[in-house]
Amino acid sequence: MTKKIAVINDLSGFGRCSLTAAISVLSAMGVQPCPLPTALLTAQTGYPSYYCDDYTEKMEHYRREWEKMQVEFTGIYTGYVANERQIHEIFSFLDTFYQKETFLLVDPVMGDNGHTYGMYSDELCRLMKLLAAQADLITPNLTELCLLTGTDFHGLPESGNPQVLLDTVREMAQALCKKGTRAVVVTGIHFQDPAEGSKKIGNLYVSPGESGLASFPDMDGSFSGTGDLFASVLAGGYARGDSLAQTVLLAGSFLEDALRDSVREGIPYNDGVNFEKYLHYLLPKQ
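Quick note, my numbering runs 3 ahead of the 1-based positions in the sequence shown.
Among the hints, erroneous ones may be present.
Only pairs whose alpha carbons sit at most 20 angstroms apart, straight line, appear in this in silico EDC-like list of lysine to aspartate or glutamate [claimed, not checked]: (1) 203 x 260; (2) 7 x 87; (3) 280 x 260; (4) 7 x 126; (5) 202 x 161; (6) 182 x 170; (7) 6 x 75; (8) 181 x 213; (9) 182 x 126; (10) 132 x 75; (11) 7 x 70; (12) 71 x 60; (13) 71 x 98.
For each label pair, taking beta carbons as the anchor points, the in silico distance ranges come out as [to be verified]: (14) 64 x 129: 25 to 31 angstroms; (15) 64 x 215: 39 to 45 angstroms; (16) 196 x 102: 39 to 45 angstroms; (17) 118 x 271: 20 to 26 angstroms; (18) 213 x 67: 37 to 43 angstroms; (19) 280 x 56: 28 to 34 angstroms; (20) 74 x 54: 42 to 48 angstroms; (21) 99 x 198: 47 to 53 angstroms; (22) 220 x 152: 25 to 31 angstroms; (23) 57 x 212: 39 to 45 angstroms; (24) 222 x 103: 57 to 63 angstroms; (25) 263 x 287: 21 to 27 angstroms; (26) 220 x 136: 17 to 23 angstroms.
Simulated from the structure, these hints should not be mistaken for lab results.
If you're wondering where the values come from, they're calculated on a predicted model, not measured in any experiment.
Each residue gets a CB set at the ideal place from its N, CA and C atoms; glycine is no exception.
Let the hints inform the model, and build the full structure from the sequences given.
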């Protein structure tokens with residue numbers, strides 16, 4: 004039977020992110036995505052103008068109707084949360100559908116480049132910490148890792164000293180595991196590779212039994228949706244029973260080629276990356 008993942012995120016018409024990314028990736032990986040939209044947008048919020056239809060009031064209807072259907076999910080995967088009410092709706096959803104054999108992946112979309120997104124109140128940050136502590140896997144970037152651990156982003160070691168930086172990040176991730184999170188993958192760690200003299204971007208994974216780093220060339224720029232694509236590959240890999248190390252490498256390889264293709268074509272950052280032609284990387288092995 005095809006495995007199902009409930010995906011709680013927004014749906015944007017342009018930007019190749021959030022639910023658009025998750026539906027594409029999970030389907031390619033042989034997993035059925037079951038979208039629960041938190042909002043419908045004409046385009047992701049990085050564009051100069053967009054219209055947003057908030058779905059906070061409708062989230063409860065999804066939970067109730069799916070409960071009537073007596074559906075069971077292999078996994079539950081949460082992304083962007085716009086307000087405190089939405090995260091309470093997620094907790095209600097977990098009370099209904101999160102079972103012993105269900106995994107929870109939380110992509111804690113809270114900020115980037117050392118700054119919290121504008122809508123993130125102290126209370127929303129507190130609730131996100133509670134959600135992350137329940138998760139089997141979380142995928143914070145470096146800013147979000149700092150927010151979850153109460154660490155000063157600007158006090159982190161310089162990227163020119165990668166070993167010290169990576170050791171610090173690993174310790175922060177391990178601290179989250181001690182609070183309840185089963186595994187942490189810290190995404191988008193920029194550093195200078197002393198051996199090659201080149202800029203790299205790394206994804207560091209930590210779980211009780213293993214830790215490691217998968218890195219690839221840093222192509223500069225911040226494209227819409229790359230974090231969503233990465234987290235979606237991890238969700239699909241988790242559902243398939245792939246190892247964490249294997250899935251992190253797969254996600255990195257998939258994104259590296261999509262990024263390189265997009266840079267070569269001069270795709271605007273807001274439009275997201277050309278991932279469609281690389282979805283075959285993710286197909287289940289026969």
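* Quick check: which numbered hints come out false for this structure? -> 2, 4, 10, 20, 24 and 26
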